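So the protein sequences, as listed, match chains A and B. Going by the numbering used here, 58 is the number at position 58 of the first sequence; the sequence numbering is gapless. Going by the numbering used here, 95 is the number at position 95 of the second sequence; the sequence numbering is gapless.
Keep in mind the hints are simulated off the structure, nothing from the lab. Note that the structure is predicted; figures quoted are calculated from it, not measured. The beta carbon of each residue, even a glycine, is placed where N, CA and C say it ideally should be. Misleading hints may appear alongside valid ones.
[Claimed, not checked] Chain B side only, calculated, beta carbon under 8 Å to chain A, not exhaustive:
1. Pro40
2. Gly43
3. Phe46
4. Pro65
5. Arg77
6. Phe101
7. Gly102
8. Gln108
[Stated by the list, open to error] Residues from chain B that face chain A, not an exhaustive set, calculated with beta carbons under 7 Å:
9. Thr5
10. Pro7
11. Lys98
12. Thr100
13. Gly104
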Amino acid sequence: NAGVTQTPKFQVLKTGQSMTLQCAQDMNHEYMSWYRQDPGMGLRLIHYSVGAGITDQGEVPNGYNVSRSTTEDFPLRLLSAAPSQTSVYFCASKAQQLGNTIYFGEGSWLTVV
Amino acid sequence: LAKTTQPISMDSYEGQEVNITCSHNNIATNDYITWYQQFPSQGPRFIIQGYKTKVTNEVASLFIPADRKSSTLSLPRVSLSDTAVYYCLVAPSGGYQKVTFGTGTKLQVIP
Chain A
1 NAGVTQTPKF QVLKTGQSMT LQCAQDMNHE YMSWYRQDPG MGLRLIHYSV GAGITDQGEV
61 PNGYNVSRST TEDFPLRLLS AAPSQTSVYF CASKAQQLGN TIYFGEGSWL TVV
Chain B
1 LAKTTQPISM DSYEGQEVNI TCSHNNIATN DYITWYQQFP SQGPRFIIQG YKTKVTNEVA
61 SLFIPADRKS STLSLPRVSL SDTAVYYCLV APSGGYQKVT FGTGTKLQVI P
């Protein structure tokens, strides 16, 4: 089972560049979300989605956009990268009706120089 | 979402039992308690979930008192590979609420 797949795993951006972090899950989960984790810190929710066509902001949404055109995919877009967005990004998903078992991707390490 | 409070860090020697307590005073009737484990450079992974009393699986035990205002994750006979950050999450089972994590407890197992 693939589970939650994130690409790319590593990326270096220059300030002002834009990019998209891809996230796909093959478990037919309604709920998907993006977190960022700075060194030595906890997970902070960026955006989340409870189904195709439905997205909402989390704790730290500024500088990021998301869309959910299909159940499987939930890309995260950085519009104009800033050094403060250097972090590890985790995509996660869960089934709405099956408790709180959240499945995480392996992470995407982003460095903005 | 119920606010949770955990110790920031804990140290333990190999072979000891480790108990990590999470406080959640404003837990709602339909909230479940779930614990996750995160190793460095990896995403968190599910350990155990419970609603009340005691739950045990092959990895850990979860103790929940009758008032449910706290919970304790118990790791029996820890090894160096149990060094990780442990997160307590309190949220309804299912539903459409966003899921946010607290700061977690960093467990360091010492040889």
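Against the structure, the hints:
Against a cut-off of 8 Å between C-beta atoms, the interface hint on proline 40 of chain B is violated, since the closest Cβ of chain A lies about 10 Å away. With a cut of 8 Å, the hint placing glycine 43 of chain B at the interface with chain A holds, because the nearest CB-to-CB distance is about 3 Å. A distance limit of 8 Å between C-beta atoms decides the matter here; for phenylalanine 46 of chain B the minimum to chain A is near 5 Å, and the interface restraint holds. Given hint, proline 65 of chain B at the interface with chain A, is violated; its Cβ is 20 Å from that chain's nearest Cβ, farther than 8 Å.
Checking arginine 77 of chain B against chain A: minimum C-beta separation of about 25 Å lies over 8 Å; hint violated. Hint on phenylalanine 101 of chain B holds. Least Cβ distance to chain A is approximately 4 Å, under the 8 Å limit. Proximity of glycine 102 of chain B to chain A holds as hinted, the smallest CB-CB distance being about 6 Å (cut-off 8 Å). The interface hint given for glutamine 108 of chain B is broken, as the beta carbon of that residue sits about 13 Å from the closest beta carbon of chain A, more than 8 Å.
With 7 Å as the threshold, the beta carbon of threonine 5 of chain B stays out of range of chain A, its nearest partner Cβ sitting at about 13 Å, so the hint is violated. Checking proline 7 of chain B against chain A: minimum C-beta separation of about 13 Å lies over 7 Å; hint violated. A distance limit of 7 Å between C-beta atoms decides the matter here; for lysine 98 of chain B the minimum to chain A is near 5 Å, and the interface restraint holds. Interface restraint check: threonine 100 of chain B against chain A, minimum CB-CB distance 5 Å, threshold 7 Å, status holds.
Checking glycine 104 of chain B against chain A: minimum C-beta separation of about 5 Å stays under 7 Å; hint holds.
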